[in-house]
Amino acid sequence: MVAAHLPPLPPSRTDPDGSAVLRVLSYNIRSMRDDEDAIARVIRACEPDLVFLQEAPRFFRWRKHAARLAAKSGLYVLTGGATATGPMLLCSLRVGVERTEDVLLPLTPGLHRRGFATAVVRVAGTRIGLLSCHLSLQTDERYAQAGMLLDRLEALGTEHALVAGDLNERPGGRTFRRLAGELQDCWAVRPWGGEHTSTPADPHQRIDAVLATGGVEVLGCGVPHGLPGISEADLRAATDHLPVLAALRVPAATAPAGR
28 MVAAHLPPLP PSRTDPDGSA VLRVLSYNIR SMRDDEDAIA RVIRACEPDL VFLQEAPRFF
88 RWRKHAARLA AKSGLYVLTG GATATGPMLL CSLRVGVERT EDVLLPLTPG LHRRGFATAV
148 VRVAGTRIGL LSCHLSLQTD ERYAQAGMLL DRLEALGTEH ALVAGDLNER PGGRTFRRLA
208 GELQDCWAVR PWGGEHTSTP ADPHQRIDAV LATGGVEVLG CGVPHGLPGI SEADLRAATD
268 HLPVLAALRV PAATAPAGR
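Note that the numbering used here numbers the sequence shown so that position 98 is 125, with each residue one more than the last.
Hint data in this document are derived by calculation from the structure and do not stem from the laboratory. Among the hints, erroneous ones may be present.
[To be verified] Label pairs and their computed distance ranges (CB to CB):
no.: 1; residue 1: 218; residue 2: 255; range: 15 to 23 Å
no.: 2; residue 1: 204; residue 2: 91; range: 37 to 45 Å
no.: 3; residue 1: 276; residue 2: 64; range: 29 to 37 Å
no.: 4; residue 1: 38; residue 2: 241; range: 32 to 40 Å
no.: 5; residue 1: 45; residue 2: 125; range: 13 to 21 Å
[To be verified] Okay, derived cross-link-like pairs now, DMTMM-like style, lysine to aspartate or glutamate, Cα gap no bigger than 20 Å in a straight line:
no.: 6; residue 1: 99; residue 2: 129
no.: 7; residue 1: 91; residue 2: 63
no.: 8; residue 1: 91; residue 2: 64
no.: 9; residue 1: 99; residue 2: 61
no.: 10; residue 1: 91; residue 2: 125
no.: 11; residue 1: 99; residue 2: 261
no.: 12; residue 1: 91; residue 2: 61
no.: 13; residue 1: 99; residue 2: 62
no.: 14; residue 1: 91; residue 2: 129
Since this is a predicted model, take the numbers as computed values, not measurements. Ideal Cβ positions, reconstructed from N, Cα and C, are used throughout, including at glycine.
Between the sequences and the hints, there should be enough to build the whole structure, so can you do that?
So, in structure tokens, the structure goes:
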């Protein structure tokens, strides 16, 4: 059931104690094959600091298409796209970039190659690791990719980290459970809005998620049905997935030892 109006999620802000509230969006945009303007309207209405895209443009003139979507959304391309086989990260000017890396995963013959778009950023002085993913349709490969994801997250070397993407699996599946055993499944921690992300015409399964390390406080997470500025028509026209929006509080940066 779709809510007519949602209670507001907290806005992006830095609190007096130095902690930062971030708005984070995960969205599979199906290579922008549907309604690009509808995608941009949905993203803008969510007012995100960070956007984790899947199936971003990755073929002819993909950088131009990605830059145009970012501009329409009031954001900037951080990393990813063809160089990560589809996952991409966008960000607002609030986000300071420390480093980025696009990672290609091992290729299984006969299957689509997958990758991660990763970055280390700073918000209000706090370092945060980011990883956008789109896991395999094949069960065993998907489970192996979850292990690679957790290893890559650890290699980012940040105390706090966020993962978001199309997991191609429901919460009861072993890959989803593997990830949720190591990270917070933000919808399960503090549900807000709608749960199911596929398909827009008939939402019946949750296969997209925002995940966070333990020190991050989840203030709300879900599909933004009824959010001001987002129409159900745009959600159906934009792509074949529904977006997941989360508000997360990241603790203040810890002062280096000796200070």
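Verification of the supplied hints:
A hinted range of 15 to 23 Å holds for the C-beta pair residue 218 and residue 255, which are about 20 Å apart. Checked against the given bound of 37 to 45 Å, the beta carbons of residue 204 and residue 91, roughly 39 Å apart, stay inside it. Between residue 276 and residue 64 the C-beta distance comes to about 32 Å, which sits within the given range of 29 to 37 Å. Range check, residue 38 to residue 241: about 24 Å between beta-carbon atoms, so the 32 to 40 Å window is missed.
At roughly 18 Å, the beta-carbon separation of residue 45 and residue 125 lies within the given 13 to 21 Å, and the hint holds. With a C-alpha separation of about 24 Å, the suggested pairing of residue 99 with residue 129 is violated against the 20 Å cut-off. For the suggested pair residue 91 and residue 63, the alpha carbons sit about 13 Å apart, so the restraint of at most 20 Å is met. With a C-alpha separation of about 15 Å, the suggested pair residue 91 and residue 64 falls inside the 20 Å cut-off, and the hint holds.
Taking the CA atoms of residue 99 and residue 61, the gap is near 15 Å; set against the 20 Å cutoff, the hint holds. Straight-line distance between C-alpha atoms of residue 91 and residue 125 comes to about 24 Å, which puts the hinted pair past the 20 Å bound. A hinted pair counts as satisfied when its Cα atoms are at most 20 Å apart, and residue 99 with residue 261 qualifies at roughly 15 Å. The straight-line distance between the Cα atoms of residue 91 and residue 61 is roughly 17 Å, inside the 20 Å bound, and the hint therefore holds.
For the hint pairing residue 99 with residue 62, the CA-to-CA distance comes to about 13 Å; that is within 20 Å, so the pair holds. Taking the CA atoms of residue 91 and residue 129, the gap is about 18 Å. The hint holds against a cut of 20 Å.
Consistency with the previously given hints fails for numbers 4, 6 and 10, ordered from lowest to highest.
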